[in-house]
Amino acid sequence: MSPLLEAQSLSKRYGRDWVIRGLDFRLEPGEVVALLGPNGVGKTTLLRLLAGLMRASGGRVARQGRVGLLANPPAFHRHFTGEENLSYALRLEGRSPQPGAIAAALQAVGLPPGKAVLGYSSGMKKRLAMARLRLQRPDIWLLDEPEAALDAQGRELLEALILEAKSAGGVVLATHDRGWVQRLATRTLELSPAV
Amino acid sequence: MTLLTRIFWLALRDLTLELRGRTGLLAAVFFLFTMLLILGLALGPNQDDLRKAAPGVLWVALAFAGSLLAGRAFGLEVEDNTLDDLLLVPGSREWLYYGKLLFQLLLLLIVGGALLFLTAGLFYLPLSALPGILVTLVLGSIGYASVSTFYAGMLARLRGREALLPLVLFPVVVPVVLASVKATASLVEGLPLGEVFNWWQLLLVFDVIYVTLCGLLFPYVLEG
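So the protein lines, in turn, are chains A and B.
Under our numbering, the residue at position 97 of the first sequence is numbered 97, and the numbers go up by one with no gaps.
Under our numbering, the residue at position 32 of the second sequence is numbered 32, and the numbers go up by one with no gaps.
I should point out that these hints are in silico values taken from the structure, not numbers from a laboratory.
Note that the structure is a prediction, hence the values are computed from the model and not measured.
Some hints could be false.
[Said to hold, decoys possible] Listed below are the simulated SDA-like cross-link pairs for lysine to any residue, each with C-alpha atoms no more than 25 Å apart in a straight line: (1) B/K52 with B/G75; (2) A/K115 with B/T82; (3) A/K166 with B/K52; (4) A/K115 with B/T16; (5) A/K166 with B/V89; (6) A/K166 with B/G91; (7) A/K115 with B/L15; (8) A/K166 with B/D84; (9) A/K115 with B/S67; (10) A/K115 with B/G75; (11) A/K115 with B/R20; (12) A/K115 with B/R22; (13) A/K115 with B/L12; (14) B/K182 with B/T16; (15) B/K52 with B/L4; (16) B/K182 with B/A42; (17) B/K182 with B/G132; (18) A/K115 with B/A11; (19) B/K52 with B/L127; (20) B/K182 with B/P166.
With the rest of the complex left out, here is chain B:
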């Protein structure tokens, strides 16, 4: 129970700090809006073309926004030099990973929700596909956030971490992004739900592996 409480308080604390500071979240939302607008203008105005491109656009935008947000998990600690205080909390350090993961996941879901709303409007996504896309968004975001949080922690004390993070992150999250694009495309095309389930199962497997493995390895990568 204490572990879950700590995870909750850390995520809540970070979300409060992020909303007060605003820089990371605002930058990601502005970036997404600009990207979607440019892609919409470049690929349009044919509705069918836009709808076909929507799954790829949605996940490429989310992947880029995710890499912008990934640094926030530990950027909050690095900016205020408070990482040591978290490391001094008694007990094992896995809770720190899961608290930061929850924070990162909440950020991605906030941005992903806004992104889905914009994409649905600009790229003519069928309304019937939206609940399924929301499920895909949650599953894909868990996989993405689990890896990005791990690497953000590993690189937290390094100079040039903003440049390094996407380089190490993207090769590992490619399977998650691909499975998410395929699941979203199946939903947009109106394929049978059985086909979408296959991608969701794959995403779920990635999520379980990444979350477990990263949580176990995290205490070792944080040692100075």
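If we strip away everything but chain A, and leave its shape as in the complex, we get:
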């Protein structure tokens, strides 16, 4: 089976400082890979390189399938409601949301309908991002510190989402919470400062 993601000799530097140097990485279907390491080691940079949102300084990334990203913090248009944000996200992909699908997705993550994102807390935005990913159904799920700002119930929802993502494709997630991720990850990748 071909990998969902394959990075070869991947490198990234900001100015003279290397953040990632010569990294080889594969994500197979059904895998949950946890990226671990201290602040500033390049976890978010690696996720953005894997997503194709950033030009690498060297090496290449091959993707088999659609990429979905849960950013930290997640971004939404604040003058839109949660429904409107989800509806436009689907429509811009050329898909028409099924009647009731968006309301059901919001309900599943415990968000109230009709509220502008301007009034959302950080945890609510995380939940909305989870609902968006569930509706988008990507093959490659990239999650940047997904557990941050979530309460206990939010973490349960997140764990269910990760299991769902694992069966739909593969997951790469960056986190600082080793204890939490041990239960979910099929593999961990410890990043250390590049030299």
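Could you slot chain B onto chain A? The hints should help.
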């Protein structure tokens, strides 16, 4: 079909956001109104003088308002940090340019329509010239918006983009603004339509070149 649908939804989404936020559009309309009023007072009260100045005033005002509005195309994404979500949409990224271009064009036409209405009243534009000026407005706005959208995307992630945008934009849109002024002046002076057609053809050529070239180059300027 999917591409056209995406372009439509992006333009509609941005227009809805802009109308809800209101800041960009209101600032441009207020700026235009003040500018026209000052120029009208400075150049008037002779009707012939005002009519002669009208084409230049109209397009200078629209060019300045356009530079104010140019940043809105990607300002909406930068303010809410949502550009990455658009870049993650599967497929080529040209649709993003054309969606933003359509949004920018709609903004310019809304502002341009208001501007034309005000200029006609304050600068005694002949009513018979208005349909022709509307055509010029559409052709000139397409050329202007195609370049401004391209540069707005290129500078979207840079600090000081508001100051940089007019600097890079104006040298490239000068031919469009000049051709638009000439076409409008020909219409106001009541010259034969054949003469106006020459300027319209020139504008059309600029529009086709700018829209095609900017659309092709856009995916490369957006990469981080």
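Hint-by-hint comparison with the structure:
Taking the CA atoms of B/K52 and B/G75, the gap is about 36 Å. The hint is violated against a cut of 25 Å. Proposed proximity of A/K115 and B/T82 is supported: the alpha carbons are some 19 Å apart, at most 25 Å. A threshold of 25 Å between alpha carbons decides the hint, and for A/K166 with B/K52 the separation of about 70 Å lies outside it, so the pair is violated. A hinted pair counts as satisfied when its Cα atoms are at most 25 Å apart, and A/K115 with B/T16 qualifies at roughly 16 Å.
In summary, the hint linking A/K166 to B/V89 is supported, as the alpha carbons are separated by about 21 Å, within the 25 Å threshold. Our distance criterion of 25 Å between C-alpha atoms is met by A/K166 and B/G91, whose separation comes to about 24 Å. About 20 Å separates the Cα atoms of A/K115 and B/L15, which keeps this hinted pair within 25 Å; it holds. For the suggested pair A/K166 and B/D84, the alpha carbons sit about 23 Å apart, so the restraint of at most 25 Å is met.
Restraint check: the Cα-Cα separation between A/K115 and B/S67 comes to about 34 Å, which exceeds 25 Å; the hinted pair is violated. Using a Cα cut-off of 25 Å, the hinted pair A/K115 and B/G75 holds, with the two alpha carbons roughly 23 Å apart. Taking the CA atoms of A/K115 and B/R20, the gap is near 15 Å; set against the 25 Å cutoff, the hint holds. Proximity of A/K115 to B/R22 is assessed by CA-CA distance (about 20 Å); at most 25 Å being required, the pair is judged to hold.
Of the pairs offered as hints, the one joining A/K115 and B/L12 holds, with about 20 Å between alpha carbons and a cut-off of 25 Å not exceeded. Restraint check: the Cα-Cα separation between B/K182 and B/T16 comes to about 34 Å, which exceeds 25 Å; the hinted pair is violated. This hinted pair does not check out: B/K52 and B/L4 have alpha carbons roughly 42 Å apart, beyond 25 Å. Between B/K182 and B/A42, the direct Cα distance comes to roughly 22 Å. Compliance with the 25 Å bound is thereby established for this hinted pair.
The hinted pair formed by B/K182 and B/G132 meets the criterion: a straight-line CA distance of about 12 Å does not exceed 25 Å. For the hint linking A/K115 to B/A11, the alpha-carbon distance of about 23 Å falls within 25 Å, and the restraint holds. For the given pair, B/K52 sits about 15 Å from B/L127 by alpha-carbon distance, which is consistent with the 25 Å threshold. Note on B/K182 and B/P166: the hinted pairing holds, with a Cα-Cα distance of about 22 Å set against a maximum of 25 Å.
In this structure, the earlier hints numbered 1, 3, 9, 14 and 15 are contradicted, and the remaining ones agree with it.
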